[in-house]
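Chains A and B, in that order, are what the protein sequence lines are.
Residue numbers for the first sequence follow our numbering, so the first one is 1479 and each next one is one higher.
Residue numbers for the second sequence follow our numbering, so the first one is 4 and each next one is one higher.
Treat the hints with care, as some may be off.
Stated by the list, open to error - Per label pair, the in silico range of CB-to-CB distance:
hint: 1; chain 1: A; residue 1: 1537; chain 2: B; residue 2: 73; range: 49 to 55 Å
hint: 2; chain 1: B; residue 1: 120; chain 2: A; residue 2: 1616; range: 58 to 64 Å
hint: 3; chain 1: A; residue 1: 1933; chain 2: B; residue 2: 9; range: 42 to 48 Å
hint: 4; chain 1: B; residue 1: 9; chain 2: A; residue 2: 1700; range: 27 to 33 Å
hint: 5; chain 1: B; residue 1: 19; chain 2: A; residue 2: 1929; range: 38 to 44 Å
hint: 6; chain 1: B; residue 1: 120; chain 2: A; residue 2: 2102; range: 52 to 58 Å
hint: 7; chain 1: A; residue 1: 2123; chain 2: B; residue 2: 142; range: 55 to 61 Å
It is worth saying that the hints were derived from the structure and are not from the lab.
Here the structure is a predicted model, which means the values were calculated and not measured.
For glycine and all other residues, C-beta sits at the position ideal for the given N, C-alpha and C.
Single-letter residue listing:
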Amino acid sequence: MTGLLEPRAIGTSLERLDGRAKVTGTAPYAFEHPVDNGVYLHPVQSSIARGRITAVDATEAEALDGVIAVLTPANAPRLVSGDDRELAVLQSDEVGFRGQFVAAVVAESSEIARQAADMVGVTYDRQPHDTELRADRDDLYAPGVVNPDYPTDTSDGDPDGAFASAAVTIDETYTTPMEHNNPMEPHATVALWAGDALTLYDSTQGPNLVRDGIAGLFGLPADRVRVIAPHVGGGFGSKTLHANVVLAAVAARVVAGRPVKFALTRQQMFSLVGYRTPTIQRIRLGADSDGRLTAITHDVIEQTSRIKEFAEQTAVPTRSMYAAPNRRTTHRLAALDVPVPTWMRGPGECPGMYALESAMDEMALACGLDPVEFRIRNEPDVDPESGLPFSSRNLVACLREGARRFGWERRDPIPAARREDGWLVGTGVAASTFPVIRIPGSAATIRRVHDGRYRVEIAAVDIGTGTWTALTQIAADALDVPVDAVDLQIGDTALPPASVAGGSSGITSWGSAVVDAAREFREKYGPDPEDGDEAGGAMPDNPDTERFAMHAYGAQFAEVRVHADTGEIRVPRLLGVFAAGRIINPRTARSQFVGAMTMGLSMALHEDSVMDPRFGQVANHDFAGYHIATNADIGSIDAIWIEEDDPHVNAMGSKGIGEIGIVGTAAAIANAAHHATGIRIRDLPLTADKYIR
Amino acid sequence: MDVEMTLRVDGARYRLVVDTRTTLLDALRERLGITSPKKGCDHGQCGACTVLLDGRRATTCLALAVAHDDAEIITANGLAAGEELHPVARAFLDHDGFQCGYCTPGQICSAVGMLDEVEAGWPSHVSEELAGGVELDDEEIRERMSGNLCRCGAYANIVAAIREVAR
Ligand code: FES
Ligand code: FES
């Protein structure tokens, strides 16, 4: 990759450009776009997990004053494509999971819609369902690939033989529970048809992804659908195309000319917009007497839905994390009568590295080595998986810098040896990693407008990541103008297309398109363009992706206190040190890292969607039952990064930072809890009951 | 049943008709188009809908509109004095106390209400003494702000912002 941008605006802590609108609450999120004559949708959800709908009785609901329409599988408009059973909303009488849409009411007000939805009578032919993930199931299968297109299994050397003859071994199983993304803004859509053109104000991470998906379902050219999303209240992987968007579009067809407003309730989000699969992960490590790994195996069991496959790539980070000549990774799935799992912040890396980094801590102890030193000792020279050199890899620097700042050298390695005021105190470390992902399909247009300003257009989104601000900084540097000469336009498919805000790929993909457009623009018009001059660009190919392994790295250090009598667990201190290429905006980047670490702390201590196998639904489906970290859970928490110049990743030199912060946090906390108590918990979350012995 | 009522919001007076089942939050958002307070859970579990209701912080999803005829409501938008942001909002900007911004208007209203409670000497769960005033350290801020969830995990910066204003 040539032509790394000269950073001027890049690297400065520009205040969020959308900040004022957000602190006053005037930035419009999907449901808040003013529309005339809007109507409200409330869905009816299946009360069985598997079977068929035999009848829907809408008589009573239809008679209610203010009800406009009741949609059922019998009367809903037909979609042209029904291949994706998650999205084939109201297209058949089959029920694939509890909570699936089986009918919907459109009414003049949300109160009436909700009341009427309760009046809709649905009868079923119920079939036995199965929602239990267990390692001893006899129907586990190997998917074709794991998300998005990694090989399902890998094997190098003779892992079993090497393990059998290793001087030091551990063989442990770690589990993570079902977890739900739960962005604060519930998924919401306002859908309006005018003739055969559809406008969606949607709470989405991927306006073009939604546009293309919806157009396909309705058999329309993509340009008949417009998706608008200037501000999105978080997503964390869950705000792609799900059944709720389809239902809004289907219902709007029935009341053409009137906008249909549909926001999921928090409870509905637990069955309709994805979640992180529970995982059962067996890890075996073998090492020689010097603490050098000779064998690594990582065998993963997880779930998918019977109606649609999603295979989380949980063991993939293990393939390139540490040097060992003999390695194996496998993924096996159980297809259950459950909602479809999906991306949740750091899919693969997040649960996988919890297990691997817990195992690394156990192995360091078994080898009698300091956990920082043990990791450094097993640092690979080249990517063990591909044999390629790393474009840059600074895990060791992160570990050393973190150890220095955290005061690691004063640590007494003996577990359960420190007690203060009834609290057992310990510290732990874990490594983080996340690949540099680029998703094709982004383009940008730059136009000179009045007063020497530049309008930069791309259908990217800001889901809290700071896109409004960071992309403006990139455009300014690419054009060689001050940031306040740039008018960025994002969040609308009327603009040039953009890839999804996922896989920490946004800035790599969109930024590359913007830089390409800027170079095109300057080439064409030079430094003194006329008003109206315009040029476009797209994310260029990067031949270096074939020549280098590209990943970001980090090290997280945690201090944990566990109360000796009650088992209450607290995390007074958390430090993350990252090496993620060039940082575009230190202010928003720090928020990304710290925010993800906060979510990692939440995962470590609280998050647990409890599937009730009798009904096939998540029993604790709201914030009273599904706990996420609150302000009082957070102590001192900070993130720093080391300078990293990587000329290979993209023109900005950036690696993507949305997810790496959650990778490893739970392991660092679990390892610290072990150091505090001597109790090794291998099943998340780390609740108080597990520390009472 | 529909009922006619009055609300005073951010200095303006509105006559409106609500269903007796309409929450104060929906009255603001869906009847009046005032969307500064957000709906995150509709169950009093997240704090996104927090406003200052007759001077005190309150979750509007847990209040029925009809029960608040003629109430005085200040939203995060109404805290600003024209172009000038409220000091708490300014501090949220300075400390990057948010990311997606969806919990933010609720956090800011909650912080403003909370600072008044501290001023009035109200103790919290973590206060050492029940009477005699509160010293607003980080632990107090965290405890008092824990009714406002932030999935983006901006808590550390929210505490820094409030600490600065309280100083
Ligand atoms: S929306 Fe009111 S507390 Fe969550
Ligand atoms: S800023 Fe996104 S939930 Fe708080």
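*Hint by hint, which ones does this structure get wrong, listed from lowest number up?*
The structure breaks hints 1, 4, 6, 7; every other hint is satisfied.
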